[in-house]
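Quick note, the sequences are listed as chains A and B, same order.
Residue numbering for the first sequence follows this note's numbering, beginning at 391 and increasing consecutively.
Residue numbering for the second sequence follows this note's numbering, beginning at 1065 and increasing consecutively.
Quick caveat, the hints were computed from the structure, so don't treat them as lab data.
Quick caveat: nothing in here was measured; it's all calculated off a predicted structure.
Among the hints, a few may not be true.
[As the list claims (entries may be wrong)] List of simulated lysine to any residue pairs, SDA-like, C-alpha gap at most 20 Å:
(1) A/Lys458 <-> A/Gln435
(2) A/Lys439 <-> B/Gly1160
(3) A/Lys458 <-> A/Ile493
(4) B/Lys1086 <-> B/Asp1149
(5) B/Lys1108 <-> A/Gln435
(6) A/Lys503 <-> A/Phe453
(7) A/Lys491 <-> B/Asn1139
(8) A/Lys491 <-> B/Asn1121
(9) B/Lys1100 <-> A/Gln432
(10) B/Lys1108 <-> A/Leu436
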Amino acid sequence: AQSVTQLGSHVSVSEGALVLLRCNYSSSVPPYLFWYVQYPNQGLQLLLKYTSAATLVKGINGFEAEFKKSETSFHLTKPSAHMSDAAEYFCAVSDRGGGFKTIFGAGTRLFVKA
Amino acid sequence: DTAVSQTPKYLVTQMGNDKSIKCEQNLGHDTMYWYKQDSKKFLKIMFSYNNKELIINETVPNRFSPKSPDKAHLNLHINSLELGDSAVYFCASSSGQEGLGEQYFGPGTRLTVT
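Sequences and hints are given; from them, build the entire structure.
Have a look at this one:
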């Protein structure tokens, strides 16, 4: 069965600093991995996805994530935080045989300080 | 030209009432979902339909009943509302085999039961 763990329910960075949000997954078959962002009072929107192609995936708004099979990780990074990046971020995993089910992590709230 | 729309956006009602939330997607996707997001932002899958067939039915009280009149619509009816039903409910849709594509979320319906 799939599972996903996001390390840190809250992350705070200064504007211009590196953003690193951690995600570890568990899947018995090759996974499909996603990062979603949720701004206040909105639905989730896709930042990026990994579907067994390149291990370094680039997404919208300057975010990227690297799939590391040996570490079962899919951490999200952005070189320089912007105030507008403040939001809730969700890592998610699905796989063939998962029966249409995508498992979402508990979320990480990103705060950006001026 | 919203991809996934939900109505209403806000719903305030009293315990014991029955209410419905409607969802429509114009993306041509085969799979639709209902999620419940609690006050701690945890996202829990409730139901999923693929081509109008129920494929995911998580441990949800049978007071909750989904209905999919066609591939583009998935509605959620809730009977005998309880305080614990207060949450934000999200509809989503996805494409691809086994729903493995990314999910597109609606803006959410904030349900408050008093």
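- request: Starting from A/Lys491, check that the Cα of B/Asn1121 is at most 20 Å away, please.
  value: holds (11 Å)
- request: Given the hint that B/Lys1100 pairs with A/Gln432, test it: the Cα-Cα distance must not exceed 20 Å.
  value: Within the cut-off at roughly 14 Å; holds.
message: So if I understand the rule, the pair passes when the alpha-carbon distance is 20 Å or less; does A/Lys458 with A/Ile493 pass?
response: holds (19 Å)
task: Quickly compare the C-alpha distance for B/Lys1108 and A/Gln435 to 20 Å and report which way the hint goes.
output: Holds: B/Lys1108 and A/Gln435 sit about 16 Å apart, inside 20 Å.
message: Does A/Phe453 sit within 20 Å of A/Lys503, going by the straight-line distance between their CA atoms?
response: holds (18 Å)
message: Does A/Gln435 sit within 20 Å of A/Lys458, going by the straight-line distance between their CA atoms?
response: Distance ~23 Å between A/Lys458 and A/Gln435 Cα, so the pair is violated.
query: When you check the alpha-carbon spacing of A/Lys491 and B/Asn1139, does it fall within 20 Å?
result: holds (19 Å)
query: Do the alpha carbons of B/Lys1108 and A/Leu436 lie within 20 Å of each other, as the hint requires?
result: Between B/Lys1108 and A/Leu436 the Cα gap is close to 17 Å, so the pair holds against 20 Å.
Given hint B/Asp1149 paired with B/Lys1086 - CA-CA distance at most 20 Å: holds (17 Å)
task: Given the hint that A/Lys439 pairs with B/Gly1160, test it: the Cα-Cα distance must not exceed 20 Å.
output: holds (14 Å)
Hint 1 alone, counting from the list given before, is not met by this structure.
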